[in-house]
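Colleague: Let chain A serve as the given structure and place chains B, C and D on it in line with the hints.
Number of protein chains: 4
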Amino acid sequence: MIKVGVVGATGYAGEEVIKILVNHKGVKITELSAVIDKEEPFSSIFPAFKGKVDIICKKPNPEEMAKNVDLVFLGLPHRISMEIVPVFLKAKKRVIDLSADYRLPADTYKTWYGAEHKDKANIPIAVYGLPELYSDKVKKAELIANPGCYPTSVILGVAPMLKEKAIDVSSIIADSKSGATGAGRKPDLALSFCEINENLKAYKVNEHQHKPEINKILSDIAGKELDIVFTPHLVPMNRGILSTIYMKLVKGLDTKGAVEIYKNFYKGKPFVRISDEGKLPMIRDIVGSNYCDIGLKVTGNTLIAVSCIDNLKKGAAGQAVQNMNIMCGFDETEGLG
Amino acid sequence: MIKVGVVGATGYAGEEVIKILVNHKGVKITELSAVIDKEEPFSSIFPAFKGKVDIICKKPNPEEMAKNVDLVFLGLPHRISMEIVPVFLKAKKRVIDLSADYRLPADTYKTWYGAEHKDKANIPIAVYGLPELYSDKVKKAELIANPGCYPTSVILGVAPMLKEKAIDVSSIIADSKSGATGAGRKPDLALSFCEINENLKAYKVNEHQHKPEINKILSDIAGKELDIVFTPHLVPMNRGILSTIYMKLVKGLDTKGAVEIYKNFYKGKPFVRISDEGKLPMIRDIVGSNYCDIGLKVTGNTLIAVSCIDNLKKGAAGQAVQNMNIMCGFDETEGLG
Amino acid sequence: MIKVGVVGATGYAGEEVIKILVNHKGVKITELSAVIDKEEPFSSIFPAFKGKVDIICKKPNPEEMAKNVDLVFLGLPHRISMEIVPVFLKAKKRVIDLSADYRLPADTYKTWYGAEHKDKANIPIAVYGLPELYSDKVKKAELIANPGCYPTSVILGVAPMLKEKAIDVSSIIADSKSGATGAGRKPDLALSFCEINENLKAYKVNEHQHKPEINKILSDIAGKELDIVFTPHLVPMNRGILSTIYMKLVKGLDTKGAVEIYKNFYKGKPFVRISDEGKLPMIRDIVGSNYCDIGLKVTGNTLIAVSCIDNLKKGAAGQAVQNMNIMCGFDETEGLG
Amino acid sequence: MIKVGVVGATGYAGEEVIKILVNHKGVKITELSAVIDKEEPFSSIFPAFKGKVDIICKKPNPEEMAKNVDLVFLGLPHRISMEIVPVFLKAKKRVIDLSADYRLPADTYKTWYGAEHKDKANIPIAVYGLPELYSDKVKKAELIANPGCYPTSVILGVAPMLKEKAIDVSSIIADSKSGATGAGRKPDLALSFCEINENLKAYKVNEHQHKPEINKILSDIAGKELDIVFTPHLVPMNRGILSTIYMKLVKGLDTKGAVEIYKNFYKGKPFVRISDEGKLPMIRDIVGSNYCDIGLKVTGNTLIAVSCIDNLKKGAAGQAVQNMNIMCGFDETEGLG
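Protein chains in written order, with the numbering used here: chain A, 2 to 338; chain B, 2 to 338; chain C, 2 to 338; chain D, 2 to 338.
Pulled out of the complex, with its shape left as it was, chain A reads as follows (with noise of 0.2 Å):
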């Protein structure tokens, strides 16, 4: 039994880490803390956890929290994180990082999020999350910048072709849809139900601050700098992201090729599943798990890869829990079946 905090706690994706936690059989939840009035029990705040997560939620103090942890996962805004990441590493605690701030270069870091970063010395060691790619990586990982929820679908819709070599890099357009979840969780009017039930909206449209994160990744596949297009939308659900993607192909290839490498490339991969020729996937085949269905159409010379999962399971604390298992040499889908 290995003892985990979660900070942030009461953010959607922390609630969300806890949730899985509890149905874990290698941890036990022994921190948990929040911008909060009061300390009170987890419980009080969400009744949803009575009797299944009663400990205290306390306010943040992470020299106290790295006393009584053996790994801490953080769901943070961007901009706090690198504030208290360096607490946990330096009493040599492992951290899974939920915000954007180990997932960039520092320079790359302030043109998109706007701030000089504040522990440049910790963004090389940190591992990007991503286990289908680097699982290896993350095994011996002390730092986890874990994925953001944009970037893991549109990743891996595109992984495979990039490694095969099979598209025209400077072609692909990802248009995004994402729950409402997305945003976080916080007063807000553009958040509010009456502004986004019965409404559609495209927003950031090729100004997210997610898209820095899927060219550099994508780049490193590639082996060469490409730039998408990249288009997300807010759809009124709670969760769930489907990302529509468009790549041109440059060799020639079927709807049944395609599949096929897909499979390939994700062969041995727990969560991601590849529909067979004909059929695609939907929000509603993945929200609650930690999968990411990827369905694919050739038309042409344009290869419709559809890439679906729950944004705050596969794209954050689902994944993020499938990194711990990962590093602490639990079952990969321990706590996600």
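Honestly, the hints are just simulated from the structure, not real lab data. These figures come from a predicted structure and were not determined experimentally. Treat the hints with care, since some could be wrong.
What the hints assert, rightly or not - Quick list of simulated restraints, FRET-style, between CB atoms:
#1 D/Asp189 <-> C/Ile81: 53 to 59 Å
#2 A/Lys91 <-> C/Asp137: 53 to 59 Å
#3 A/Lys119 <-> D/Asp277: 33 to 39 Å
#4 B/Lys4 <-> D/Asp189: 50 to 56 Å
#5 B/Val36 <-> C/Ser136: 56 to 62 Å
#6 A/Asn62 <-> C/Asn24: 31 to 37 Å
#7 A/Lys91 <-> C/Gly338: 35 to 41 Å
#8 D/Thr112 <-> C/Asp38: 22 to 28 Å
#9 A/Pro106 <-> B/Pro42: 38 to 44 Å
#10 A/Pro61 <-> C/Glu41: 38 to 44 Å
#11 A/Lys91 <-> C/Asn24: 37 to 43 Å
#12 D/Glu40 <-> C/Ser171: 41 to 47 Å
#13 C/Asp137 <-> A/Asp189: 48 to 54 Å
#14 C/Lys26 <-> D/Val36: 49 to 55 Å
We put the beta carbon where it would ideally sit given N, CA and C, even for glycine.
Modeller: Here is chains B, C and D on its own, set in the frame of chain A:
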């Protein structure tokens, strides 16, 4: 053509008043104001109004606005209205206040809204703007206290039985369900999409500030003090209130008889529709309209009344315009067809 | 490991039973059947189960299925179950029937379900599977009549007061609100998205087939015949039932006292949680879980109980598995954590 | 006052036509028909229309209806319209057909709709009713082929660039998202609330029957054959289509320049609004109205156009009435304000 202003133009009720007035033959919108960062065309704040309402939405300045309007609608939070109403009345402009500030005696107001009333002098001249009961007073009113959304649905659902002296006045239970616009347009975690969607809750059980308003009007009709049991619920939809009202009959009455009583009581009232025996109304029948649809069912000695309104129309903006129509001699249904 | 089968595997309740059993330590799903066009892997019908439940979903053949199961769940429409139950009982297999077919005496059944009962012989041996009240009988049951969703929420919300003889048994009013899965999985215009979304309605007012079921059990507890007033409503959400229950007190009792009575009544019952004084449960607290959360409020001589369950979990599949756990000597919470 | 009839009055499009005509100054609804069990007042089928549309909704009898109308709207499934259109044309009545039956050449129609066309003679006289492009032809039309919802949003979003010859016509990708009314009003498990709510899916990827319609019109404008990539998605909301369209620029152009081109192209068109540079439209801006709002963004050599319409208004009934207004010499915006 009368000149009309709207204070609190960016709230749900204010926006709805404007939406209605755009198609109203007798009025011209000359002034809009709201608490905003910068003054700009209303259609820049709400692009839906582009080409329809392009006049500037100003920061609040009642004295100035009063010079350019014949009548004003106040779509403000309670406590704020009572500071602005006197300005317009002093300038001899008619006021339709959609807040709760002039619906109750000062002492009751203080008990339920937690504030000393700042304009006690004008409370007595305020007319409770429920036209189906008080149209004569509305005609001559200088100041309308526009009814709350819950009270409108409950009062219209109970009034005929009280007039008929057919129920035990101590037996009234109103179980009301409201859409989310009823809570107003503001940044609030409790109102965020993911907190309301796929959720349902009872709140302020028998402690909602609309209860004294309902008690006051029903007591007036009954000719004796009564106290109802009132449970509001929040439902994941944008608009609509459905009140299921339970009353103990003191007269032998079947559903057919109850329907007759209600149809007679509301004969000639254009916005109340009574369902035929065996039928019940639902939100979709009235959403977007100014109708109050009421269905009835007698079982044993219990009368169940189901009363449906659109909380932003008959429950707020629609009723406000209905009151204006009566005050200004327009057809009662003008703009509300 | 016991061998379990599910008949009606493609209905919402059947699918939910399977979802729960996948993570249950004591059972192996050996047989699935449903009325389908062609026999194929269950995961081909519901891709969500890919890699988890890939066994074939067969066309109904009870005799055959009986050979390969120890216990069977029937997720069927009423009228169908009573034709299949005898087959499994004859084969000495234990049956948990989620339909209404064995919850009522034959004559009451005929009145409310409009059909002569075809298996009168087995009605007397059926145990009403509400473990919080009848766990001793459940232990030895060969046939479980799994309670309806509305009855579960209402009965658990009223039972303690009846046992306490603290209320006027003729005064019970249950105003229930349900999500759309309660209506079952079938092509029906009234159940289509655009008819339910942004809508809300009362239906079958005091004529719902769950009323006699509630009356029967509450009368048993009260020790005298009673007849409640019951109004179901359809709410635009997938899951959850919230019942707001009004009872007239015959004993002086405040909220604090009521909370105590309920907490004592349900002491040791793992799936009923009573909210502390001043708090009320909501759907989000219990959706996806097998909990029934109950909140209480006394006002005057009226007790208001708010009872929340997930209609597919505690209201159907979860309770069915809870019954199986008790019948088979598993931990009562196994698979339902 | 012209006499108007609606065939298929109980479908979503038919109902919407009626809702609009109720407030139209120039028409009188004289005939309504639909495939129904018994003939009764339209307001008995849709209580929302009580007191507004109480005339009888009859069973279909085109010959009879033709005697009592000057113009008829057909809100029918494809394949049915072509059997009824000839009846009205023969009776010299003008027809606005909301189905797909007269939008394509007979051979293309057969390929995509799987049926031999039964009224080939009238296909050539049908005018494609997209007034922003074909108002002159609409004026004199006897038969209007009212455009599909997806085509309206895509064609209006691409047309200016084709006229300007500013894009590679082989590069057009339309990623469209639609609300559920787009699928029509019928009992269908796939359209049930619980299948669509909290779900999101792509469907008929590049195989949707609206694709040839889009290709045909865009090819006409471009003056050369083109073939787009078209991916429709189903979103959990009642109304609205948002199409995100990707085009490769062949001319140097920035967002400012693109906005100018679109504003000029649609100058004087009352129902198309182009967002200023830096702004994008969303569904809430146009839902319930006949507007098509278009926002633009250039990134590298890619132009992204976001085109929003209400699928039942500009995408069906609203556009149909807009066509009628032009055909009959009414103000183009009458009834659509």
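Colleague: Determine which of the earlier numbered hints do not hold for this structure and return their numbers in increasing order.
Modeller: Result: hints 1, 10 break, sorted rising.
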